Structure formats: C-alpha cells, structure tokens
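Asker: Construct all of the structure, not just a fragment, from the sequences and the given hints.
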Amino acid sequence: MVRRVYVDSTDDFVMWRAIDAIRPVSTPRVLVVDDYPVGADALQLLLEQNGFETRTVNDASLACAVAEEWLPFAVVVDIVMPGVTGLELARRLRASALTRDMLLVAFTARTSNDDRTRALEAGFDVHCAKPLTPNRLLTVLESVIGRC
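Mind the numbering: the sequence shown is residues 2 to 149 in my numbering, read in order.
None of these hints come from the bench; they were simulated from the model. The structure displayed is predicted, hence computed values, not measured ones. Where is the CB? At the ideal position from N, CA and C, for every residue including glycine. Warning: the hint list may mix true and false statements.
To be verified - Derived Cβ-Cβ restraints for the label pairs, each shown as a range:
| hint | residue 1 | residue 2 | range |
| --- | --- | --- | --- |
| 1 | A98 | I146 | 15 to 25 Å |
| 2 | T112 | P83 | 12 to 22 Å |
| 3 | L72 | R92 | 16 to 26 Å |
| 4 | E70 | S113 | 26 to 36 Å |
| 5 | E122 | Q50 | 18 to 28 Å |
| 6 | S27 | T118 | 17 to 27 Å |
| 7 | E69 | D42 | 33 to 43 Å |
| 8 | S27 | E70 | 13 to 23 Å |
| 9 | E89 | T112 | 31 to 41 Å |
Answerer: See the structure below:
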C-alpha cells in the first residue's frame, strides 16, 4: 500500500509502506538521529509530550544497531552529519531485514529538487525542510499511524 500525505506540497510528502511489518507496540516509537544534541533533545521532548516513545542518537554510525534492537516505527534523520551521512544511514536501514520497512523522515536545509531526489533514492519516505516545525513533524507521524 502506498499512502501519500501532503503537509506542504513545496517540501513534504510521504510514500508509506505497511507499518504492520514492525512489531506492534502500545506506544509508537521514534528514533531521532542528529549530530546536534540540542536539536535531537528538543525533538525528543516534543515527541514524548505528544505520546511517542523516543530515543536519540548523535552518531549516525550507531543508529542502525539501535534501530535493529529497539524497532521504532519511524526514524527521523538529519541529512548532513559528519562521518556517516543521513543518506548513507537510510541506505543501511533499507538494506537490513529488521529495519527496511520503518518510516524514514529526512530533515535538512538542502531542499533543491536534486536534494529531494537523492533523499528518496536513498530510501527516505519523507523529506522535510529545516526548520522542522513541530506541527509538520507531528502531522506526518500521526497521519501514518492513523491519529489524524
């Protein structure tokens, strides 16, 4: 099933695969991957205040292991990070049987059509321009899990 949710047609869209491929949990889990700890912590606070169980990782090279162990339904990823980039992380998550069906949300200051194409080709379901506003992220996540 492909599901499209348009938040703002200029910078956001979702192509969703089956969420039931991931072990169901009573509280939806979201993994935030951002090399900027203050930003990651702010997203964690926002998500937890809105009913999501959240973990943060500040090093993309560790994110696959956390995702495979913890099994979130969504991974929110900064694209521009040192070392392993968000694009490479998305490719790795899509390559693993345990993580390939997770919702992957990219957030980035890079918003050209080429940047969006690269993100989608890497495996992202959603491309969001920075600043990633609380309403935009919550709308995307809640639409996918059927809260909207």
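Asker: Each of the hints needs a verdict: does it hold here or not?
Answerer: Hint by hint, here is what the structure shows:
1. Taking the beta carbon of each, A98 and I146 are about 22 Å apart, inside 15 to 25 Å as hinted.
2. Range check, T112 to P83: about 21 Å between beta-carbon atoms, so the 12 to 22 Å window is met.
3. Judged by the Cβ atoms, the range 16 to 26 Å given for L72 and R92 holds: they are separated by roughly 19 Å.
4. For the pair E70 and S113, the supplied restraint of 26 to 36 Å holds, since their beta-carbon distance comes to about 35 Å.
5. The beta-carbon spacing between E122 and Q50, approximately 34 Å, falls outside the hinted interval of 18 to 28 Å.
6. A beta carbon spacing of about 37 Å between S27 and T118 contradicts the range 17 to 27 Å that was offered as a hint.
7. Separated by about 23 Å at the C-beta atoms, E69 and D42 break the suggested range of 33 to 43 Å.
8. One distance hint, 13 to 23 Å for the beta-carbon pair S27 and E70, holds here, with the actual separation near 18 Å.
9. Distance hint for E89 and T112: a CB-CB separation of about 19 Å, inconsistent with the stated range 31 to 41 Å.
In this structure, the earlier hints numbered 5, 6, 7 and 9 are contradicted, and the remaining ones agree with it.
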